[in-house]
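Peer 1: The residues making up each chain are set out below.
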Amino acid sequence: MSFLAPILLFGLPLALIPIIVHLIHLLRRKRVKWAAMMFLLLAQRTNKGLSKLRQYLILAFRVMAVAAIIFVVGRPLAGGLLGLTGGAPDSVIILLDRSASMEQQLLTTGTSKRTAGLRNLTAAIKDAYGKRSKLVLIDSASLQPVSLETADALLDIPQVGPTDTAADIPSLMQGALDYMTTNQTGRTDVWLVSDLRQTDWNPAGGRWAALRGAFATLQGVKFQVLTYAETQPSDLGISVEKIVRRETSDKAELLLDIRLKRGEPVAEPIQVPIVININGVTSTMKAELKGNQAFLQAQSIPIDKTTLRGWGSVQLPADTSPSDNLYHFVFDAPAPLKSVIVSTDGEVSTPLAAALNAPADSSRTYASSILPATRAAEITWEETSLIVWQEVVPDPESPVAKQLIAHVKAGRSLIFLPPTTPDDTAFAGLHWTKWGTAAGDKPSLASWWRSDAGLLSGTRAGSALPVGEVEVQRWCGLEGESVPFARLDETAEKAPLLVQASADDFRSTYFLTALPGSGQSSLARDGVVMFALLHRALNEGSASLGNAQQRTAGPRALGEDPGAWTRLDIENPESILPLDRPLRAGVLKRSAGAKSDLLIAINRPLTEDATLTLGKTTLDEVFAGLDWRLLERTLENEKSLTSEIWRTFLILMAILLILEALLCMPAPKTAAEFQSKPA
Amino acid sequence: MNVSQSFLDSKVLSRLLALPLNARQAMTGNVSGRHRSPVRGASIEFAQYRKYVPGDDTRRLDWRTWGRTDRFYIKEFEADTNLRLALIVDASGSMGFGEKDATRLNYSRKLGGTLGYLAAQQGDAVGLWGVGKGHRQKLPAKRGAGHLRIVLDQLARLEARGETTILESLHEAADQISQRALVVAISDFFIQPAKLKQALEHLRFRKHDVVLFHVMDQIELDFNFERPARFVDMEGGEIVMADPSLLQRRYKEVVKQYLAEMDNVIRTTGTDYHRVLMKEPYEDVLARFLLARLQSKGRR
Chain A
1 MSFLAPILLF
11 GLPLALIPII
21 VHLIHLLRRK
31 RVKWAAMMFL
41 LLAQRTNKGL
51 SKLRQYLILA
61 FRVMAVAAII
71 FVVGRPLAGG
81 LLGLTGGAPD
91 SVIILLDRSA
101 SMEQQLLTTG
111 TSKRTAGLRN
121 LTAAIKDAYG
131 KRSKLVLIDS
141 ASLQPVSLET
151 ADALLDIPQV
161 GPTDTAADIP
171 SLMQGALDYM
181 TTNQTGRTDV
191 WLVSDLRQTD
201 WNPAGGRWAA
211 LRGAFATLQG
221 VKFQVLTYAE
231 TQPSDLGISV
241 EKIVRRETSD
251 KAELLLDIRL
261 KRGEPVAEPI
271 QVPIVINING
281 VTSTMKAELK
291 GNQAFLQAQS
301 IPIDKTTLRG
311 WGSVQLPADT
321 SPSDNLYHFV
331 FDAPAPLKSV
341 IVSTDGEVST
351 PLAAALNAPA
361 DSSRTYASSI
371 LPATRAAEIT
381 WEETSLIVWQ
391 EVVPDPESPV
401 AKQLIAHVKA
411 GRSLIFLPPT
421 TPDDTAFAGL
431 HWTKWGTAAG
441 DKPSLASWWR
451 SDAGLLSGTR
461 AGSALPVGEV
471 EVQRWCGLEG
481 ESVPFARLDE
491 TAEKAPLLVQ
501 ASADDFRSTY
511 FLTALPGSGQ
521 SSLARDGVVM
531 FALLHRALNE
541 GSASLGNAQQ
551 RTAGPRALGE
561 DPGAWTRLDI
571 ENPESILPLD
581 RPLRAGVLKR
591 SAGAKSDLLI
601 AINRPLTEDA
611 TLTLGKTTLD
621 EVFAGLDWRL
631 LERTLENEKS
641 LTSEIWRTFL
651 ILMAILLILE
661 ALLCMPAPKT
671 AAEFQSKPA
Chain B
1001 MNVSQSFLDS
1011 KVLSRLLALP
1021 LNARQAMTGN
1031 VSGRHRSPVR
1041 GASIEFAQYR
1051 KYVPGDDTRR
1061 LDWRTWGRTD
1071 RFYIKEFEAD
1081 TNLRLALIVD
1091 ASGSMGFGEK
1101 DATRLNYSRK
1111 LGGTLGYLAA
1121 QQGDAVGLWG
1131 VGKGHRQKLP
1141 AKRGAGHLRI
1151 VLDQLARLEA
1161 RGETTILESL
1171 HEAADQISQR
1181 ALVVAISDFF
1191 IQPAKLKQAL
1201 EHLRFRKHDV
1211 VLFHVMDQIE
1221 LDFNFERPAR
1231 FVDMEGGEIV
1241 MADPSLLQRR
1251 YKEVVKQYLA
1261 EMDNVIRTTG
1271 TDYHRVLMKE
1281 PYEDVLARFL
1291 LARLQSKGRR
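Chains as they are written, first to last, in our numbering: chain A, 1 to 679; chain B, 1001 to 1300.
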């Protein structure tokens, strides 16, 4: 409990007034000559204990009533939960979800979930903890702990600003855990402000179990989860999936593949105006939306023939989620899609090369080469989008390994295929173990694969890839921490078929545990799965090549030096702090004087458009075994986390005074019976 | 008789003179009076016949009966005598309770003085025991206006002080008053009822007609005080600090229990007991007392 006017609590000694008055009365009692002392003494002797108790109770009630009045004028505050925390903890760690979805706002006030949460939290911390606890902020964009002098800093430091990033809540929790274990924070309240998006929380991920276990070992850790989980069904989001510049003899145009998504399907088709901005020139088009999404393929936007490269955006009318109303893009002559297959096994490399050379997009140029590991130095690293490595994993200290690490850290793709004789040399924390074969006569099949994201996700039309039809006769075991994309069935002991490295800088590294070719698998024979897999990896890798690149907002979206980049799409580029530039959607180019002529469009991750949120049951599972409380708020009903409870004290005072009056109430003033009875 | 004492009201006296002071039982006086005597006498009221025995006064033979029955019978008549009124007035410190000119002792003076005057007016003897620890006025019962004046003067001079000795005085009266008498005790009786019972039984054993006037103030029953106070004992000087608002309920219970015990004592000792509130006019109290006595005139 805290007070809005704590200075008035200095008046608490006034609660002793009844005791002082009582003592004065004791000293200044009237003197009465009394004859019936016999009755008085007897009454006092037999009434002593009860009388004393009654007297003390009356005094106590009077003291408490006066104290209650002082509490009332001190305007006490209690947050249903805060008021009962038993005092301020040693540390308060604030975990802030700064994902793009937290920018959903109330149109009438313009207050976003992030702002509302911060305001509410600031007030609550000031009221409940004051300056007695150490405040630390960890935000989802930087994951760096920042010490705060006062709770008010939560409203104006750069680390709480809006971003267009996704949030990785398990990483945020890990950040809190690391901070607590490193700094020995003692009794700690962890406040987590989030909109509970499933894509950010990833409740099925394996990290939660480890986090729960680690937090359970810490004493005095309490979680307060402040949520704004409401979603707006009528909210529209827009994204551009593909940009192609096409030129004929008489005109030039940009072909845009635009996707519109709505929270819930519309009953009747609606017309959605889209503002298209290319190099500062705007035009408007209308799209018809049926159901909950629309895909506008190859929308032609005429451009000047001299415009060979540039940038632009597509924009929807304002609604509750401004972050998904705008999507930036850049265009330039596309870089060739180069790939290298490092293998000495012709049965493996030939089908791979055939798939990689086949043009999935007629407007692009494809080039694939096959090299043995010994000639890996010949790889043109700066131009290659994908490397398929079907050789022994190189020693981490070797130059080739370092080149490969630089390759994946730059965002280009690398797929490891098992070598003929695997060893335990690891890359990105993963290493091959030994070959296995399907039990029985029949080959193993893929029993599970991830169809919502990754290299094996469904097609653009929504149908799934036929991964389940892939037959695998031999596969190679794999050890290490990874994100599974496909798994074989029981005949192969549910061995992984395709995994992604889970280490942060190695997300573009994949391990495919089966080889194409006869006696190995049907990857080459059936072709579709392998073709899609390879070309998606190739496209992913090419995104970081060429002079016009699309990137997802995140702390590394602009590399190591964000200050070297300038926003093109706003009039005052310097208004965006360098650290915020990779976190906010926009178009950027290197500052003057840079060698590269690179254009980058940064956008929100499309996972932020998913509106699924965690329910209470899932949260119970996520925080199972931990001391946590859920504080649900909405933008419309922004109820304070703390509330004034002076009425409670007023009622308490009234009760105390009534009790005191009851105890003080004299016996009824009826004359005692004094009639003599006849003898 | 000249009424000189200020506590006597001539108007009250003149109104009450119409009511005789009767004893509830036969009295043994030394002169003829208006009260029944336990022995036969020469009044005009026929009592009974009895057979003549040698030695009887032949003047009392009823000759008419001898003429009819040829036997000797003696004709007996009731004897009337006077009574002795012994006024025992408590003059302990607690009798000084009350307003300056309306103390319990003043009230008792009026009750006792008026009774003495009435008794003297009908030829009865009046005596006084003014009792308190350390002081005592004791006048034996005598007839005559002169003695009444002395009794009234002594009554007027009584001062309320010291502890009560009413119990000792009652026992002493029982011992020292040799003949049947009307013993009237006026006090607040702030004593244990069980001890009072012993004194009353003592008086009853000596065949005295005992009357108690129990004088109390209303506030002594109700204990109605607004604020806590220091209560100073009027007899011993002991000081008790008490908050009546906290104590009143229990005080009343104690008083109620005391009065119930007093009722029990009165019932078992056959005492003529009158509870008197100081706010009541003493004339009403005496009128009620005298009227009740009219209906139960003394038996032999």
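Careful, some of the hints might be misleading.
Facing chain B, according to a computed beta carbon distance under 7 Å, are these residues of chain A, among others [claimed, not checked]:
id, residue
1, 21
2, 22
3, 30
4, 32
5, 38
6, 40
7, 56
8, 142
9, 145
10, 506
11, 664
Sample of chain B residues with no beta-carbon within 10 Å of chain A, all distances over it, derived [said to hold, decoys possible]:
id, residue
12, 1009
13, 1053
14, 1075
15, 1094
16, 1144
17, 1145
18, 1176
19, 1201
20, 1217
21, 1227
22, 1234
23, 1250
24, 1253
25, 1254
Simulated from the structure, these hints should not be mistaken for lab results.
Every value quoted in this text rests on a predicted model; they were computed, and no experiment measured them.
Here a beta-carbon is modelled for each residue, glycine too, at the ideal position from N, C-alpha and C.
Peer 1: Which earlier hints can't be squared with this structure?
Peer 2: 1, 2, 7, 8, 9, 10, 15, 20, 21, 22, 23, 24, 25
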